[in-house]
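Listed below are the residues making up each chain.
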Amino acid sequence: MIIKNLLKQYSGKTVVDGVSFEIPKGKVVSLIGPNGAGKSTVMSMISRLTSPDGGIVEFDGKDITKWNSKDLSKKLAILTQTNNIQMKLTVRELVAFGRFPHSGSKITSEDEKIIDDAINYMELKEFEHRFIDELSGGQRQRALIAMVIAQNTDYILLDEPTNNLDIYHATNMMKIVRRLCDELGKTVILVLHEINYAAFYSDYICAFKDGKVSKFGTVEEVITKENLSHIYNVDFEILNVEGRPLSIYY
Amino acid sequence: MNSLSSINNKKIIVMTILSLICILGYVLINVNFSDRELLIFAFKIRGPKLAAMVITAFAIGAASIVFQSVINNTIVTPCLLGMNSLYTLIHTAVVFFLGSGSVIAANANLSFITDVILMGIAATFIYSWLFKKTKHNVLYVLLVGTVLTSFFGSIQSSLTRIMDPNEYDTLLTTLVANFNNINTEIIVLSVVLLIFLAFALRKELALLDVLTLGKEQAINLGVDYDKSIRRLLLGVTLCIAVATAMVGPISFLGLIIANLSRQLLKTYRHTYLVLGSALFGIIVLLGGQIIVEHVYSYSVPISVFITVGGGLYFLYLLLSRKQV
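Chains H and Z, in that order, give the protein sequences.
Numbering-wise (this note's numbering), the first sequence opens with residue 70 and increments by one.
Numbering-wise (this note's numbering), the second sequence opens with residue 248 and increments by one.
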């Protein structure tokens, strides 16, 4: 996936300004940056939820806006922060929606197996017949991830998956992201607020500031005292824990 | 999952039986079987009314469920947003500008088609703009909808005030349609229109289950969201036009039957929800009409019951929800 010169304006104000980078296949890539830096907007343009005002997102050698939406949904899945599902829906029924791009409304026995696998993978077996609105935030988030897994796409885009989760669930979420990449060979693109999660669980980091890419590279290249201080306008200290840069800010 | 859908199948069967009982009751109660003339007379009166009420139940039931799913909120119905006032306004405007003697206004079917086409265009334009502008924020949508209702109503009453009294007289008979004065001339055309709608929108209707997951999820799963929403909204508008043309505006019916259906069936599957809503519609309308005709001897119109009951139910729905 290649991103070239993306541009987005909201009522005359430029929120994303000439963003270009390339997403390596089979890796975990985190987008970080302060509020309003444009990372979520970039994310929604990569996933065709918003159309860019300029520039192009090239996916499998073809402009993403030229893709047939149905074909794209077999290759790329996105999970946003806003998931207010009003319907009475059980976990299993939600996960089954992940098969929609492949089988439509008719679930085959092969789909049932994939749904089972996704539910087991996210350790949701005991909740599978519970209604979504009766679950805790962490469980609901896992159910949504299970749906994305059932969708079985090469690319998985997650917009702030750790938002509203406590430390335990957030850490678990990041471990799952790592496993999606390592065990299932997915390319995972995340928007993250917690720099240390990004540093510990990603392969590449793209740091945004004022709608522009401030720095893109491997974790070691991006997570340095100078870079972070520049991006966030806050003093940083970098420690080395288990071979990974851990940042402290105050 | 299987146990749940088999329970729902049973519920639907029970409701179908109840609806059939209502239909039979409506046709057969207090009919004099000994006199053939009287029997035919009774059926002549009751038959078209029955047909109109069943059509209304289906039109409003389906429209309300689809509309709620499209804007992802279960306390809003097309009528609360002024769709039937819009229809009344269009109907009045057509008579006002063309004159009641013109071909279009004088022929019931022709005037119905004209109304429906104008309604389709106007409503799609107004409501898709409204949703886009308010970003589907339900409180704004409701607020603007309420304002629109009285706005359309005011224009309509201004038009009737400056109208020629004779014209107004002709208009009134078609305008104040109610369950005791049903517009029977357009029954055939309405059925044709509804069947055509169901056929034309079959793809979108199959997508309804996915659409209720919200815009982002629907796009993620490969649905052409904007186009589907536009087409469904047009379908909703036309259903409301059919119902309003036939029996006049009944504001709370859609709210009652759609929510009863959702409460009873507890599922996201629209095949069940739409069917349940339509069956509830038949039960409420025919049951209510039986009471109106045989208990109150027409002294109280059924819309009074529906409005009072619906109003209370609406308050209950609003207050029992923790967040809107």
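It should be emphasised that the hints constitute simulated quantities derived from the structure, not laboratory data.
Glycine included, C-beta positions come from ideal geometry on N, C-alpha and C.
Just to be clear, a hint being listed does not mean it is correct.
As the list claims (entries may be wrong) - So the derived list for chain Z, only partly shown, Cβ under 8 angstroms to chain H, looks like this:
1) Thr321
2) Ile322
3) Asp456
4) Gly461
5) Gly469
6) Asp471
7) Ser475
8) Gly534
9) Ile537
10) Val539
11) Glu540
12) His541
Unchecked claim - When the alpha-carbon atoms are kept at most 30 angstroms apart in a straight line, the in silico DSSO-like pairs for lysine-lysine are as follows:
13) Z/Lys450 to H/Lys131
14) Z/Lys291 to Z/Lys382
15) H/Lys175 to Z/Lys462
16) Z/Lys258 to H/Lys281
17) Z/Lys382 to H/Lys194
18) H/Lys139 to Z/Lys258
19) Z/Lys291 to H/Lys157
20) H/Lys278 to Z/Lys474
21) H/Lys131 to H/Lys294
22) Z/Lys379 to H/Lys139
23) H/Lys94 to H/Lys73
24) H/Lys175 to Z/Lys474
25) Z/Lys474 to H/Lys82
26) H/Lys135 to Z/Lys382
27) Z/Lys462 to H/Lys157
28) H/Lys135 to H/Lys294
29) Z/Lys462 to H/Lys131
30) H/Lys194 to H/Lys131
31) H/Lys82 to Z/Lys379
32) H/Lys144 to Z/Lys450
A quick look at each hint next to the structure:
no., hint, verdict
1, Thr321, "holds, 6 angstroms"
2, Ile322, "violated, 10 angstroms"
3, Asp456, "holds, 7 angstroms"
4, Gly461, "holds, 7 angstroms"
5, Gly469, "holds, 3 angstroms"
6, Asp471, "holds, 6 angstroms"
7, Ser475, "violated, 11 angstroms"
8, Gly534, "violated, 26 angstroms"
9, Ile537, "violated, 32 angstroms"
10, Val539, "violated, 34 angstroms"
11, Glu540, "violated, 37 angstroms"
12, His541, "violated, 38 angstroms"
13, Z/Lys450 to H/Lys131, "holds, 28 angstroms"
14, Z/Lys291 to Z/Lys382, "violated, 49 angstroms"
15, H/Lys175 to Z/Lys462, "holds, 22 angstroms"
16, Z/Lys258 to H/Lys281, "violated, 57 angstroms"
17, Z/Lys382 to H/Lys194, "violated, 37 angstroms"
18, H/Lys139 to Z/Lys258, "violated, 35 angstroms"
19, Z/Lys291 to H/Lys157, "violated, 44 angstroms"
20, H/Lys278 to Z/Lys474, "violated, 35 angstroms"
21, H/Lys131 to H/Lys294, "violated, 38 angstroms"
22, Z/Lys379 to H/Lys139, "holds, 24 angstroms"
23, H/Lys94 to H/Lys73, "holds, 17 angstroms"
24, H/Lys175 to Z/Lys474, "holds, 23 angstroms"
25, Z/Lys474 to H/Lys82, "holds, 28 angstroms"
26, H/Lys135 to Z/Lys382, "holds, 26 angstroms"
27, Z/Lys462 to H/Lys157, "holds, 17 angstroms"
28, H/Lys135 to H/Lys294, "violated, 41 angstroms"
29, Z/Lys462 to H/Lys131, "holds, 24 angstroms"
30, H/Lys194 to H/Lys131, "violated, 39 angstroms"
31, H/Lys82 to Z/Lys379, "holds, 20 angstroms"
32, H/Lys144 to Z/Lys450, "holds, 23 angstroms"
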